[in-house]
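First residue of the sequence shown? That's 1 in UniProt numbering, and the numbers climb one at a time after it.
Don't read these hints as lab results, they were simulated from the structure. Watch out, some of these pointers could steer you wrong.
Below, computed lysine to any residue pairings styled on SDA-like, alpha-carbon distance capped at 20 Å [to be verified]:
#  : residue 1 : residue 2
1  : 316       : 247
2  : 271       : 225
3  : 82        : 149
4  : 69        : 6
5  : 80        : 122
6  : 428       : 395
7  : 234       : 198
8  : 262       : 149
9  : 49        : 17
10 : 372       : 428
11 : 82        : 30
12 : 35        : 73
13 : 415       : 374
14 : 368       : 403
15 : 142       : 162
16 : 195       : 247
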Amino acid sequence: MGEFVEHSLESLLPTFEQLSHVQLFTEGEVNAFIKRCRQFEYRLNKHEKSARDFNLYAEYLCDFLTLLKSRRAKMQYWHKKKLIDGPLRKKVASIYRRAADRFQGDLRLWEQLINFLNENAMRRELAVAYTRALQIHGKNEKLRRDFALWQFFSAASPQNARTQLLGSLRLFPQSPMLFAALFTVEIHFVDKVLKRRKFITEEKDKRRGDNENDAERVYDEEVDDTIMNLDVAKAVVEQALSSVPAEAASGMLVEMWKECNKVELVGNIDKVRSFIVDELNKVDNEDTRLFEIELAESSGTKQPQSSLMWNVYLEKSAASPATSPEQFRELCNRALEKVDLSENFPIWQRAIEYSILHAPEETEQIFKDALKYTITDVCSRVKILFVDYLNELFNAGKISADVLRERILDLVNSKPNRAEFYCSLYRKEMERPMPDHKFAGLVIRTAVNEEDAASVEAVILYGKWALEHDPAKFHVVHQSEGIGVEIRLAIASILGRETCLATWR
Numbered sequence: 001m002g003e004f005v006e007h008s009l010e011s012l013l014p015t016f017e018q019l020s021h022v023q024l025f026t027e028g029e030v031n032a033f034i035k036r037c038r039q040f041e042y043r044l045n046k047h048e049k050s051a052r053d054f055n056l057y058a059e060y061l062c063d064f065l066t067l068l069k070s071r072r073a074k075m076q077y078w079h080k081k082k083l084i085d086g087p088l089r090k091k092v093a094s095i096y097r098r099a100a101d102r103f104q105g106d107l108r109l110w111e112q113l114i115n116f117l118n119e120n121a122m123r124r125e126l127a128v129a130y131t132r133a134l135q136i137h138g139k140n141e142k143l144r145r146d147f148a149l150w151q152f153f154s155a156a157s158p159q160n161a162r163t164q165l166l167g168s169l170r171l172f173p174q175s176p177m178l179f180a181a182l183f184t185v186e187i188h189f190v191d192k193v194l195k196r197r198k199f200i201t202e203e204k205d206k207r208r209g210d211n212e213n214d215a216e217r218v219y220d221e222e223v224d225d226t227i228m229n230l231d232v233a234k235a236v237v238e239q240a241l242s243s244v245p246a247e248a249a250s251g252m253l254v255e256m257w258k259e260c261n262k263v264e265l266v267g268n269i270d271k272v273r274s275f276i277v278d279e280l281n282k283v284d285n286e287d288t289r290l291f292e293i294e295l296a297e298s299s300g301t302k303q304p305q306s307s308l309m310w311n312v313y314l315e316k317s318a319a320s321p322a323t324s325p326e327q328f329r330e331l332c333n334r335a336l337e338k339v340d341l342s343e344n345f346p347i348w349q350r351a352i353e354y355s356i357l358h359a360p361e362e363t364e365q366i367f368k369d370a371l372k373y374t375i376t377d378v379c380s381r382v383k384i385l386f387v388d389y390l391n392e393l394f395n396a397g398k399i400s401a402d403v404l405r406e407r408i409l410d411l412v413n414s415k416p417n418r419a420e421f422y423c424s425l426y427r428k429e430m431e432r433p434m435p436d437h438k439f440a441g442l443v444i445r446t447a448v449n450e451e452d453a454a455s456v457e458a459v460i461l462y463g464k465w466a467l468e469h470d471p472a473k474f475h476v477v478h479q480s481e482g483i484g485v486e487i488r489l490a491i492a493s494i495l496g497r498e499t500c501l502a503t504w505r
């Protein structure tokens, strides 16, 4: 096994020598790096290998490349990249490729290989990897879509991209993803042709200077008018609408609309965009609500005030890995500015849930802001979330029972509150393994006594508590001001006696 390990390390020997020579790393660091690589090579040469063995080695080398980049920036040393960085990248690509070939059925390994090659602009190896992956996972729509878009945008091969997508659509004739990709290729192809023509007609740099890209010369050929007028792009949309299931069509149309906003020089794009918008206006679902918000933003008009629409938009933004906590906070602030105070609870809820997952240090401040700037109805609902949050902290051992009770009492005492809050707090206390009946009674009695907080539900809960734990306190219900007929009937149902009704007469 040792011979195989040393043979595998031979390809990195010049890299090890250069690392010592350029002094980006100390001698001890280089020796530790070589030792660690040898350990990983032994893992890859054992009889029983796992995908994890390959991934650990590749990730270690990727981390080293990141450190190498940092050291170069710190020392302002940019020489010998071909002798150091290049071989390390090839080694990582080789490891990912070996893993994918050995565990061919694992699509994630192929995706790791493709992503690494794409990030490092290893185009030749990437084309081979895509081709090999499609031989094994040919029924994966996303893989086919990604390969076609890479051929168009990175490999400057629009004809191959079209061929790939049309062939894929024969296999998946109802795929919204593939139709959206074909539409993207068609409109961006026209955009690239127009940009190329503009470059030539303006006679920028007749001597083919540094600004000219040989890859763009593919767009010098004559193009059919049906393509340039976007008739083909519109036909793609029409064919997609007739083929894609109705429940998936709206999301596809939104993606097509977004692509329309990315092209710069295409004159007929407004016609195609209007056609897509008209089709979207025929549907009402989450995709179209999100589209309406983005349409309002892109056109600079007044943003919609619908809490439901903003909630959908925030949900999708929170699910996107590209959204940072700062960006999400800004989106929530914009939503709160637009949505009516009586309808903004879902916005606060989204902000709280997101902060718990991604910025826990900000969660309590968000609760404080919500309690400070909302109306009573919304504030009571936020308090319910706050109690749940405090209970989670208690269960995690981050606060004591005394602190939990003290903070909940602060919420109870910060009036006004609604019956919804009191009833929820009462139920949570009574559902504990060892409930504090005295505290539960205090909470629900406060609901009955507080103006605008009494409800049928609160009276029923208090009545049941009083009859079981303190019958002498049942008179609190009778002394409540503004007691309505519904509440009287609720008390009567608790007692099960007609005499209660007679008392009020």
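Cross-check of the supplied hints:
Taken as a hint, the residue 316 and residue 247 pair is honoured in the structure, with Cα atoms around 17 Å apart against an allowance of 20 Å. Restraint check for residue 271 and residue 225: satisfied, since their Cα atoms lie roughly 16 Å apart, inside the 20 Å limit. With a C-alpha separation of about 29 Å, the suggested pairing of residue 82 with residue 149 is violated against the 20 Å cut-off. Restraint check for residue 69 and residue 6: the C-alpha separation of about 27 Å exceeds 20 Å, so the hint is violated.
Between residue 80 and residue 122, the direct Cα distance comes to roughly 18 Å. Compliance with the 20 Å bound is thereby established for this hinted pair. This hinted pair checks out: residue 428 and residue 395 have alpha carbons roughly 14 Å apart, not beyond 20 Å. Taken as a hint, the residue 234 and residue 198 pair is broken in the structure, with Cα atoms around 24 Å apart against an allowance of 20 Å. For the given pair, residue 262 sits about 15 Å from residue 149 by alpha-carbon distance, which is consistent with the 20 Å threshold.
Between residue 49 and residue 17 the CA atoms are separated by roughly 30 Å; this puts the pair beyond 20 Å, and the hint is violated. For the suggested pair residue 372 and residue 428, the alpha carbons sit about 24 Å apart, so the restraint of at most 20 Å is broken. Distance check on the hinted pair: residue 82 and residue 30 sit about 18 Å apart at the alpha-carbon level, within 20 Å; holds. The straight-line distance between the Cα atoms of residue 35 and residue 73 is roughly 26 Å, outside the 20 Å bound, and the hint therefore fails.
Proximity of residue 415 to residue 374 is assessed by CA-CA distance (about 13 Å); at most 20 Å being required, the pair is judged to hold. Pair hint residue 368 plus residue 403 holds up; C-alpha atoms about 17 Å apart against a cutoff of 20 Å. The straight-line distance between the Cα atoms of residue 142 and residue 162 is roughly 15 Å, inside the 20 Å bound, and the hint therefore holds. As the CA atoms of residue 195 and residue 247 are separated by approximately 36 Å, the hinted pair breaks the 20 Å bound.
The structure does not agree with the numbered hints 3, 4, 7, 9, 10, 12, 16 stated previously, though it agrees with the rest.
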